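Peer 1: For the protein sequence lines, the chains are S and C, in the order given.
With my numbering, the residue at position 51 of the first sequence is 53, and numbering never jumps.
With my numbering, the residue at position 203 of the second sequence is 283, and numbering never jumps.
Careful: at least some of the hints might be erroneous.
What the hints assert, rightly or not - Think about it this way: if two alpha-carbon atoms lie no more than 27 Å apart in a straight line, the pair counts; the simulated DSS-like pairs of lysine-lysine are:
1. C/597 with C/738
2. C/590 with C/606
3. C/738 with C/750
4. S/77 with C/738
5. S/20 with C/738
6. S/58 with C/678
7. C/750 with C/678
8. C/597 with C/545
9. S/93 with S/20
Stated by the list, open to error - Away from chain C, derived, C-beta distances all over 12 Å, residues of chain S:
10. 47
11. 56
12. 60
13. 61
14. 86
15. 95
16. 107
17. 108
Note that these hints are calculated values from the structure, not bench results.
Predicted, not measured: the structure shown is a model, and the values here were computed from it.
Just so it is clear, CB atoms sit at the ideal spot from N, CA and C, and this is done for glycine as well.
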Amino acid sequence: MGEKTDVWQGTLTLMVLKTLESMGPQHGYGVARRIEQTSGDLLQLNYGTLYPALLKLEQEGYIRSRWGTSENNRKAKFYELTKAGQRRVRKAAAEWEQTTEILARFLAPAEEA
Amino acid sequence: MRRLRALWMRFRGLCQGQQADNDFAAEVKSHVAMHTEDGIRAGLSLDEARRQALVRLGGVEQVRQAYRERRTLPLIESLVSDAGYGLRGLLRSPGFTAVAVLTLALGIGATSTVFTVADAALLRSWPASEPQRMVRIVASTPQGADYSFSYPDAVDLAAQSRTLEGIIAYARYAATIHSGSESQALLDEVVSPNYFSLLGTDPGLGRRFAAAAQSGQPCVVIGNAVWQRFFGSDPELVGKQILLSGRNYTVVGIAPRGFRGMTAFIPAELWFPITARYGASERGFRGFELVGRLRPEFTPAQAQAELEATGQRLAQAYPAVDKGRTVTVISERQRLREAATPTAMLMGAVGIVLLICCANVAGLILARGDARRKEIAMRLALGATRFRIVRQLLTESMLLALIGAGLGLIVAVELFRLQSALMPPAKFSLGLDLHLNAAAILFTIAVSMLAVILCGLLPAIQATKMSCAPALKSDERGGPPRRFTLRGSLVVAEIAMAATLLTASGLVVKSFLVSLKMNLGFDREKHLVFFDLGPGYDLARSAAYFQQAETSAAALPGVRHAALAQRMLLSDFGGGAEKRVSIPGIELPQGQTTIPVKFNAVDSGYFQTVGTHLLDGREFTMADGPHTARVAIVSRTMAERYWPASTAIGRQIVVDGKPCQVVGVAEDAKIIQPHEALEAYIYLPFAQWPRGEASLILESEQDGRPVIAAMRNVLQTMDRNAPLDVRTVDYLMQQAFWEDRITAAFVGILGLLVIFFGALGLYGVISFAVNRRRREIGIRMALGAERNDVVRMVLREGMAFAAIGSVIGLIASLLTMRVLSSVLYGVKPTDPLAFAGSVAVVISVSLIACWIPARRAASIDPMQALRTE
Chain S
3 MGEKTDVWQG
13 TLTLMVLKTL
23 ESMGPQHGYG
33 VARRIEQTSG
43 DLLQLNYGTL
53 YPALLKLEQE
63 GYIRSRWGTS
73 ENNRKAKFYE
83 LTKAGQRRVR
93 KAAAEWEQTT
103 EILARFLAPA
113 EEA
Chain C
81 MRRLRALWMR
91 FRGLCQGQQA
101 DNDFAAEVKS
111 HVAMHTEDGI
121 RAGLSLDEAR
131 RQALVRLGGV
141 EQVRQAYRER
151 RTLPLIESLV
161 SDAGYGLRGL
171 LRSPGFTAVA
181 VLTLALGIGA
191 TSTVFTVADA
201 ALLRSWPASE
211 PQRMVRIVAS
221 TPQGADYSFS
231 YPDAVDLAAQ
241 SRTLEGIIAY
251 ARYAATIHSG
261 SESQALLDEV
271 VSPNYFSLLG
281 TDPGLGRRFA
291 AAAQSGQPCV
301 VIGNAVWQRF
311 FGSDPELVGK
321 QILLSGRNYT
331 VVGIAPRGFR
341 GMTAFIPAEL
351 WFPITARYGA
361 SERGFRGFEL
371 VGRLRPEFTP
381 AQAQAELEAT
391 GQRLAQAYPA
401 VDKGRTVTVI
411 SERQRLREAA
421 TPTAMLMGAV
431 GIVLLICCAN
441 VAGLILARGD
451 ARRKEIAMRL
461 ALGATRFRIV
471 RQLLTESMLL
481 ALIGAGLGLI
491 VAVELFRLQS
501 ALMPPAKFSL
511 GLDLHLNAAA
521 ILFTIAVSML
531 AVILCGLLPA
541 IQATKMSCAP
551 ALKSDERGGP
561 PRRFTLRGSL
571 VVAEIAMAAT
581 LLTASGLVVK
591 SFLVSLKMNL
601 GFDREKHLVF
611 FDLGPGYDLA
621 RSAAYFQQAE
631 TSAAALPGVR
641 HAALAQRMLL
651 SDFGGGAEKR
661 VSIPGIELPQ
671 GQTTIPVKFN
681 AVDSGYFQTV
691 GTHLLDGREF
701 TMADGPHTAR
711 VAIVSRTMAE
721 RYWPASTAIG
731 RQIVVDGKPC
741 QVVGVAEDAK
751 IIQPHEALEA
761 YIYLPFAQWP
771 RGEASLILES
781 EQDGRPVIAA
791 MRNVLQTMDR
801 NAPLDVRTVD
811 YLMQQAFWED
821 RITAAFVGIL
831 GLLVIFFGAL
841 GLYGVISFAV
851 NRRRREIGIR
861 MALGAERNDV
871 VRMVLREGMA
881 FAAIGSVIGL
891 IASLLTMRVL
901 SSVLYGVKPT
911 DPLAFAGSVA
921 VVISVSLIAC
931 WIPARRAASI
941 DPMQALRTE
């Protein structure tokens, strides 16, 4: 296991959206844990930064929130994707794939030659 | 789009406050609890699990702060709290606030007023749709630009033009409107039939007016205000007949609200189509001004070339009237360019006033910032950034400027109302259309923002330029007091300016008072009433009408004398009328055969009625009728100029080719206005030089009002439709001395304003100095200085500014007052009283301005001042 990486600016949004897409409604703590697990514990997420990011997405209308009860019978605030959010995930994911694909070509020039 | 939504949500977040905070606190709590549970499940102790949860979260307070900053708009939030803080601070020092706000209100109000005046007088365009397509048509002649054209020329210019859609011709006249027993003179425009359609603001009205004008029936368009005032906004009025100047006109339409015709300063209220009566077919009568509308596809330069060519053809076709005239075009852009210079000058002048205001307020803020050093140092020490504090101080200035701007707008609106009081007394309401429009309000806001930066930035930077430790420790205000600072010189300059202006206003006011007593050549103390009569009959019937009016007037109770004269006293209306006079046996200068001499035709009662004294010879009598030998009375100046050695009585003069015998010499009287130079003048018998208009002069025993009412009745029974216009001698005097009065008021107010600002600046500088020297004063008092000594010390410092300023001001006055000598009457430009008065005012106002901080200095408790060490 290598060094833990901080989350890059801008990618957190996509991770949050993707997580919510795959898991359905989830509370903040759950989203955070899931992101860490999905990254294979390579990411060191500062949980505190998650909440302003969630708020921003909510203000932009990509997600909505309501209070509910967790699996452990705890009161928690659940976030879920809106229609706009679902569109956004698809679009952002496609863009991101393209970007990484382009970058990958640059990083592996030997195969081309 | 999403960003906008987020911004809006954050804006809404501003108002959610406590509840949203609690909501997030609960969310964080549940987060920590879940994380802790997971920790315990992984085998940690409760405390350790909780500690790790908090560490991973990054601190509850930090998260809440970050969340809060995202939830709302921190910039606005801090702005609101700054404003609240600033407002409380301003309320704590009401004296400072009042003075600063008042100063800014005066400065901003003056600036907005001047801007609005410049906008209304110079910048505002034609009252037309797409005004940028309007062009003025002028003729350049060897004598300079000429704006007047004859109507046939206008028609030819329009007919031969491809570049112009059409040409409007207009001329200004006056008409009388009769309503009930009252009649009032209104300004009107006599205009070409295409006037309203080419202006294009009301197409329906344009069509109706053009059609009515073609029909040749007498018709009129009335202004919106007239419609309301005289006809109670009668919706059925269009199509009806109304009586104007004794004739019936069909109302074609009502002009759009606020429409004032073509000249900014002279608002028209009636519009008549041009007819033969107004010289529509005389090519020699140049009574109209022209404005054309460009077709969209042509440029002003093309129109210029075309009209110039047409003008040349006209000059060839009608050399007698049009030779030497070149037709040119002034485009809207050109007009604005020409207006730019006077506008800039006006704005520059008022800009200086605003600058002085801002400098004064900056001085006050600076003095206040000095008193708040400790507070600011404390906040810096507690971790506020300098930028944050500057922002907070600027918010405070912004508040001042906003309140100042609000009050300034009120000041401006009040000043607009003054306009009617400032206009010369006239039968018509002259004046510009002044109201606050969007441009003026925007301009005011821009000016206030400028004021904020000017007033606030420098003191704010100054106040935060310190290292906290020494500022916190002591009351020391840093550095020895500097005497000749920029602010000090500014104050001296203000006082000098005030002294100069006060001297000028002293001179002007004294001259005004003296001229009120000047000998005008008639008795202004008499209760004289003047009726302008012009029944519109032929000469014989007019003469009978005048005779009957005079006889009935003389018989009215309360009337001492009655007389007829062709023209009124001291009125520019017809006052310049002249006769060509030659004097047998006298060689006229430059080989002229005749000289122009101003005259009045009067009847036998005139001299007695108005109180003009006869110096020699006799008055006219009833015997000087149309069939007896022609006679004349000359003025003293005329008699002394042409017969210096002997008497003028019995001499012959030839008036308009008719020989007359001089039978009397009258004292000199002012003809058009009080300050004119004396000139030769002749009186002729009204009966021998009859006219269709005359002024009936009554001398009543007391106040003329009952006589006016009675005489009105008499005249109305004689002919209901004959226009009549009444003026009293008081009104004439007001009109005659209007310029003197306005000059005196204007210079006086300006002087007072500047001395107020000077005093304010002085107060700021001295307060500042006193604050800086608290400790020094404390030590002096501890060492035995009396309160009086302290007061004297502070006063001495302040009065030094006042003295230097006054001396400079007086020298400047001595050098510049010569300029005034042309407007001064009976006062020398070096009048010692005016100079002494100006110095007295400057010194006493300065004393008051210094007295307040001096008292404050004297009330310093030495123990306290020293203990703050």
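Peer 1: Checking the smallest CB distance to chain C, is residue 47 of chain S really beyond 12 Å?
Peer 2: About 8 Å separates residue 47 of chain S from the closest Cβ of chain C, which leaves it inside 12 Å; violated.
Peer 1: Taking only the CA atoms, is the gap from residue 597 of chain C to residue 545 of chain C under or equal to 27 Å?
Peer 2: 62 Å, violated
Peer 1: Does residue 20 of chain S lie within 27 Å of residue 93 of chain S when you go C-alpha to C-alpha?
Peer 2: 11 Å, holds
Peer 1: Are all C-beta atoms of chain C more than 12 Å from that of residue 86 of chain S?
Peer 2: For residue 86 of chain S, whose nearest Cβ neighbour in chain C is about 8 Å away, the distance does not exceed 12 Å, so it is violated.
Peer 1: Going straight from one Cα to the other, do residue 597 of chain C and residue 738 of chain C come out at no more than 27 Å?
Peer 2: Status violated; Cα separation ~39 Å.
Peer 1: Within a Cα-Cα threshold of 27 Å, do residue 590 of chain C and residue 606 of chain C meet the stated pairing?
Peer 2: 25 Å, holds
Peer 1: Quickly compare the C-alpha distance for residue 750 of chain C and residue 678 of chain C to 27 Å and report which way the hint goes.
Peer 2: 11 Å, holds
Peer 1: Would the least Cβ to Cβ distance between residue 60 of chain S and chain C come out above 12 Å?
Peer 2: 8 Å, violated
Peer 1: Far enough from chain C: is every CB of that chain over 12 Å from the CB of residue 108 of chain S?
Peer 2: Since the minimum Cβ distance to chain C is about 31 Å, residue 108 of chain S lies beyond 12 Å and the statement holds.
Peer 1: Beyond 12 Å from every Cβ of chain C: is that where the Cβ of residue 56 of chain S lies?
Peer 2: For residue 56 of chain S, whose nearest Cβ neighbour in chain C is about 9 Å away, the distance does not exceed 12 Å, so it is violated.
Peer 1: Could you grab the alpha-carbon distance between residue 77 of chain S and residue 738 of chain C and see if it respects the 27 Å cut-off?
Peer 2: 119 Å, violated
Peer 1: Run the distance test for residue 58 of chain S versus residue 678 of chain C: straight-line Cα separation, threshold 27 Å.
Peer 2: 88 Å, violated
Of the numbered hints listed earlier, those contradicted by the structure are 1, 4, 5, 6, 8, 10, 11, 12, 13, 14.
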